[in-house]
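S.K.: Going down the list, the protein sequences come from chains A and B. Using the working numbering, the first residue of the first sequence is number 1, and each one after it goes up by one. Using the working numbering, the first residue of the second sequence is number 1001, and each one after it goes up by one.
It should be emphasised that the hints constitute simulated quantities derived from the structure, not laboratory data. A hint or two may mislead.
[Unchecked claim] Facing chain A, according to a computed beta carbon distance under 10 Å, are these residues of chain B, among others:
#1 R1011
#2 L1013
#3 K1015
#4 E1022
#5 E1042
#6 M1184
#7 L1189
#8 I1193
#9 E1245
#10 L1363
#11 A1364
[Said to hold, decoys possible] Here are some chain A residues the structure puts well away from chain B; computed CB gaps all over 12 Å:
#12 L68
#13 D102
#14 K126
#15 Q167
The beta-carbon is built from N, C-alpha and C at its ideal position, and this holds for glycine as well.
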Amino acid sequence: MNYEDFDGHEINFCGKLARKTIVTGHYGSGKTEFSVSLAAMLAKSRSVSLIDLDIVNPYFRSRERRRLLEDMGISVYGSVYTNEITAELPALGASARTPLEDENTYVIIDLGGNDAGAMPINQFSKYFSARGTNGARDTMTLMIVNANRPDTHTSAKVLEHIDSIEQATGLTVSALVNNTHMLHETTVNDIEKGHALCLDVCEKTGKWLLCDCYPAGVVDPRKLRKLGAVPKPGETARPLNDLTQKNVITSGLMPMGMYMSPSWRSI
Amino acid sequence: MSTTYQESPSRVLMKGNEAFAESAIRGGCRYYFGYPITPQNEIPEYMSRELPKNGGHFIQAESEISAINMAYGAGAAGGRVFISSSSPGIALMQEGMSFACCAEVPMVILTVCRCGPGIGGIQPGQADYFQATRGGGNGDYKIPVFAPSSIQEGSDLVFEAMELADKWRNPIIIFTDGLLGQMMEPVTLPEHIDVASSKDIRKSKAWALTGYGADDSSRNTITSLRLQPEVLEKHVHHLFDKYTEIEKTLTRAETIGIEDCDVVLVAYGIVARITKEAIEMLARDGIKAGLIRPISLWPFPHSVFDKISNKAKAVISTELSMGQMIEDVRLAVANRLPVRLLSRTGGMIPTSLEIAERTKKILATM
């Protein structure tokens, strides 16, 4: 996926994102794919660091793509055994704190799945507050939702997951990300289904929907315009809504690069 | 928006391990015994959460040796048993598999193969081909082994194996690898089957150990011990008559273009997926490559190899091991054509481009 080719429908995250974005979600919801895609997008215009806190999953972690990320100018922090992808030791390097203390970099924190996987964030809790000292948005916790995953296909199940992750981490999920897909089989219908599910959860919780993701090269983003705030060609992206307002839908479209997919395609 | 999300989805996105566990439950598994090992840990986790909701029982054993022997007991009592492990854990279970074969106790065993030898690593491998098809248990026994190459096929095979194990009164192995276990794909899950209640087990399994009865009339015996040589010989012949029938009915393979090709690639499991893409690449370069994908590793689909084109220059066994399936390939080819190995090991996975390029190099030497 070459983001330069994206024809102006790209979500305008500017101002919407906090300096620190914590990415949570169910196992296999697409946290890592979203984190890597978001980092790739942000790295085009600013300094970005990615902290991989997934110490429960042995495969498909963002630090496995370290070289690709570093080529894009993204600094990657994670396990002290970063190059030993098979070591599977639940250990984090002290350097993981570096980007949290450096106010000049955006930080994306990729957590492990479910409440158990999210737990390692607790040791960094002193770094997270909703507003920084200057009043600017400091930390935002996202919950990635794939309505095609059996454990998050109803609002009740999504609510249950939000609750368990919030309890395990002490964080408050502020926004949802609709990442409903079927990999190479994804259709517009999948994304619309997830959008409806997320809106329902937003209505029940007062959380907001940050964006709808679509697999780049699989779904044509122009067919997703009816989801809401997708700018027409020639228009600029819709400006940031007031985040203090409840139930504000600021939906935009986020292309996902499928960075974590196997090198061979689905046959 | 008219789309509703409340409906129970028929097609879902699942990790291989989750889908295999769910399909076992839908195929009637009510007993799971396991011990954690990467890369199959999602299975015991899933079973501990989901089996009780379906009227089943999950026990975390203190070792794989305990797990297989618990499976032996539950299977002997007529329960539908599914267990899983990965390479070193399967090694520990092999004595139990020999016992279950001799005693004709059904169970389904899923291996999510990692790389070895020894503790090895946790990345995908296929170096347990011998372990699955030859087995490390003692004595003359055979276990049907199915190797899916997608999560859908794995899910369907686990479901079917629950029935086959009962039908043949024999363990069935589903052979997957860390990649299939850990990756996600869309999958359509099978419908739940009805499972016999404890009271009704004797109706479908007259041999099961379900108690003495009031007058000791319903006592069954299940044993793998036969001390008299003539009795044991007769029993082993009975087992092998059964294995002969299994060879006739459970041999399975997928083939692509082997009747008209320059070279045949033989690959199973996840490697067959990569190989299919390599074959398309070779076709673009004017090389006709065919594929034989054994779905049953035992019984091995020997007769399929008779259909290979006479103009083929070589048969290449493509595997994530130093060459294990290649022994079956050589037996099947029976010296008609040169047989070569294309392998990666240690958890390394070849790309489709690598398979295509190495195939060209092999052809250049022919």
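S.K.: Each hint needs a verdict: does it hold in this structure or not?
M.R.: For each hint, the structure was consulted:
1. Among the interface hints, the one on R1011 of chain B holds; its C-beta lies about 7 Å from the nearest C-beta in chain A, closer than the 10 Å criterion.
2. Checking L1013 of chain B against chain A by beta carbon gives a least distance of about 4 Å; that is within 10 Å, so the hint holds.
3. Satisfaction of the interface hint for K1015 of chain B is found here, the shortest Cβ-Cβ separation to chain A being roughly 6 Å, below the 10 Å cut-off.
4. For E1022 of chain B, the interface hint holds, since its Cβ comes within 10 Å of a Cβ in chain A; the closest pair sits about 8 Å apart.
5. A cut of 10 Å between beta carbons decides the hint on E1042 of chain B: the least distance to chain A is about 8 Å, and the hint holds.
6. Among the interface hints, the one on M1184 of chain B holds; its C-beta lies about 5 Å from the nearest C-beta in chain A, closer than the 10 Å criterion.
7. For L1189 of chain B, the suggested interface contact is upheld, since its CB lies about 9 Å from the closest CB of chain A, less than 10 Å.
8. Checking I1193 of chain B against chain A by beta carbon gives a least distance of about 19 Å; that is not within 10 Å, so the hint is violated.
9. With a cut of 10 Å, the hint placing E1245 of chain B at the interface with chain A is violated, because the nearest CB-to-CB distance is about 33 Å.
10. With 10 Å as the threshold, the beta carbon of L1363 of chain B stays out of range of chain A, its nearest partner Cβ sitting at about 21 Å, so the hint is violated.
11. The interface hint given for A1364 of chain B is violated, since its Cβ lies 24 Å from the closest Cβ of chain A, which is over the 10 Å cut-off.
12. A cut-off of 12 Å between C-beta atoms confirms that L68 of chain A is not in contact with chain B; the least separation is 15 Å.
13. Every CB of chain B lies more than 12 Å from the CB of D102 of chain A, the least distance being 33 Å, so the non-interface label holds.
14. Against the 12 Å criterion, K126 of chain A stays outside the reach of chain B, whose nearest CB is about 31 Å from its own CB.
15. Here Q167 of chain A stays apart from chain B, with its beta-carbon at least about 18 Å from theirs, past the 12 Å limit.
In the structure shown, a violation is registered for the earlier hints numbered 8, 9, 10, 11, in ascending order.
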